[in-house]
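Engineer: From first to last, the protein sequence lines stand for chains A and B.
So the first sequence is numbered by UniProt numbering: it starts at 1 and just counts up by one.
So the second sequence is numbered by UniProt numbering: it starts at 1 and just counts up by one.
Wrong hints could be hidden among the right ones.
If several chains are the same, the list does not tell them apart, and a pair holds so long as it fits within one copy or across any two.
What the hints assert, rightly or not - Listed below are the simulated DSSO-like cross-link pairs for lysine-lysine, each with C-alpha atoms no more than 27 Å apart in a straight line: (1) Lys181 to Lys126; (2) Lys126 to Lys70; (3) Lys94 to Lys181; (4) Lys104 to Lys11; (5) Lys104 to Lys25; (6) Lys189 to Lys70; (7) Lys118 to Lys70; (8) Lys132 to Lys160; (9) Lys126 to Lys25; (10) Lys132 to Lys70; (11) Lys172 to Lys126; (12) Lys161 to Lys188; (13) Lys11 to Lys32; (14) Lys160 to Lys11.
It is worth saying that the hints were derived from the structure and are not from the lab.
2 protein chains.
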Amino acid sequence: MNRNFDFVSDKRLEGQLDFIIEIDKLKNIARKSMVFDGSHFENDAEHSWTISVLAILLREYANFNVNIEKVIIMLLIHDIVEVYAGDTFLYSAKRSAAHIEEEKSAEKIFGFLEEDQKEYFLSLWKEFEERKTNEAKFATVFDRLEPLVQNYMTQGGTWKKYNVTYQMVIDKTSHIQEGSKEIWDFVKKLLQVCVERGYLAKEE
Amino acid sequence: MNRNFDFVSDKRLEGQLDFIIEIDKLKNIARKSMVFDGSHFENDAEHSWTISVLAILLREYANFNVNIEKVIIMLLIHDIVEVYAGDTFLYSAKRSAAHIEEEKSAEKIFGFLEEDQKEYFLSLWKEFEERKTNEAKFATVFDRLEPLVQNYMTQGGTWKKYNVTYQMVIDKTSHIQEGSKEIWDFVKKLLQVCVERGYLAKEE
Ligand SMILES: [Ca+2]
């Protein structure tokens, strides 16, 4: 392992610093969708920032009380595993195989930290992935919502490029309603408008 | 004002959505320093993500108990005013004049939201800027820390480019100690190493 901070004698702090250097690679991991103005493909760090702000902004629409601190921390770190595993498109056939890679990646990246912090972040990441707690259900809303709005803003974006249909989108995103009925109502309306405007193909 | 979501009948929600589209412009606002691997100039969204993660990661070094939720939210939104005001270099002579522009910008950008949310974000932004509360003091640590580490990782980066000296850096960053004595100890060591390695010029 590269020692970026060889002058630091405290091993705990050195690990924390090396961790922040390592996760910076997310800034070079491009996602499939473009930022709202279509100027560039979004990277994982930009994505994590937007969905964290979204959760703060739209917290009033949660179906239940949530610990918003936990929601935000989950969203800020949920993509860190992609430092080694890369981004896998939601509609890709490889999406379920990707999970094994991500588990390995999580062990490696959070392994930069001492046991207590490693366990803390690993458990938050797993909680997010399992989508069983209220916080995980609410956090997932924003991870799904952002690309939908990006595709709307860019007149179809990845949907057109990869032949994604209305029913495929519904299948992959309908669990938004488990976190927020109000946001799911908005999404249904958004998708309808996308079909009407020709951004998204709907099966007969 | 552009109505991006003309099909949404709820004015509150429509304002929230327009707000998230507007602040996305931060992804096109380049800062002066490069990301840790030197691959590109960092943008404001990437910066906000990194310093939020840093605050979570290094919270144990705060000089006092902090409400970490508040710290993170401050860090996630602290640069939103730059959507209209742009980024001003910490060592620029224009730095104090920039504040008036930022006040106007804050009114405008948070004005997308209804009064309660506008006030909530405005007051958090002002609290951060004034650096009087424990949360603001601790949050500021990371806004200052990140570019120092970026310049270390890129062998001098903006310090060399803009002839910034050791004493100028100390003057602009010594308030880090108000938020965290341990992180300030690290910074002093880091700067010393930067001088020894020729990344940062020190006056005789
Ligand atoms: Ca700034």
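Engineer: Indicate which option fits the pair Lys11, Lys32 if close means a Cα-Cα distance not exceeding 27 Å: within, between, both or neither.
Structural biologist: Cα proximity of Lys11 and Lys32: none, with 38 Å in one copy and 31 Å across.
Engineer: One pair to classify: Lys126 and Lys25, alpha carbons no more than 27 Å apart. Within, between, both, or neither?
Structural biologist: within (21 Å within a copy, 32 Å between copies)
Engineer: Could you place Lys172 and Lys126 in one of the four classes (within, between, both, neither) given a Cα distance threshold of 27 Å?
Structural biologist: Close inside one copy (19 Å), not across copies (40 Å); limit 27 Å.
Engineer: Quick one: Lys104 to Lys25, C-alpha cut-off 27 Å, is that within a copy, between copies, both, or neither?
Structural biologist: This pair counts as within: shortest intra-copy Cα distance 17 Å, inter-copy 35 Å.
Engineer: Using 27 Å as the alpha-carbon threshold, which applies to Lys118 and Lys70: within, between, both, or neither?
Structural biologist: both (16 Å within a copy, 23 Å between copies)
Engineer: Have a look at Lys161 and Lys188 and pick one of within, between, both or neither, based on CA distance no larger than 27 Å.
Structural biologist: Classified as within; 21 Å inside a copy, 51 Å across copies.
Engineer: First find the shortest C-alpha distance between Lys104 and Lys11 inside one copy, then the shortest across copies, and answer within, between, both or neither for a cut-off of 27 Å.
Structural biologist: within (23 Å within a copy, 45 Å between copies)
Engineer: With identical chains, the pair Lys132 and Lys160 could be close in the same copy or across copies; at 27 Å between alpha carbons, which is it: within, between, both, or neither?
Structural biologist: neither (32 Å within a copy, 50 Å between copies)
Engineer: Is the C-alpha distance from Lys132 to Lys70 at most 27 Å within one copy, between copies, in both cases, or in neither?
Structural biologist: both (14 Å within a copy, 26 Å between copies)
Engineer: Regarding Lys189 and Lys70, is the shortest C-alpha distance of 27 Å or less found within a copy, between copies, in both, or in neither?
Structural biologist: neither (29 Å within a copy, 33 Å between copies)
Engineer: At 27 Å max between alpha carbons, let me know whether Lys160 reaches Lys11 within a copy, between copies, both or neither.
Structural biologist: Neither way: Lys160 and Lys11 sit 49 Å apart in one copy and 30 Å across, limit 27 Å.
Engineer: At most 27 Å between C-alpha atoms: does Lys94 with Lys181 qualify within a copy, between copies, both, or neither?
Structural biologist: Answer is neither: 29 Å inside a copy and 47 Å across each miss the 27 Å cutoff.
Consistency with the previously given hints fails for numbers 3, 6, 8, 13 and 14, ordered from lowest to highest.
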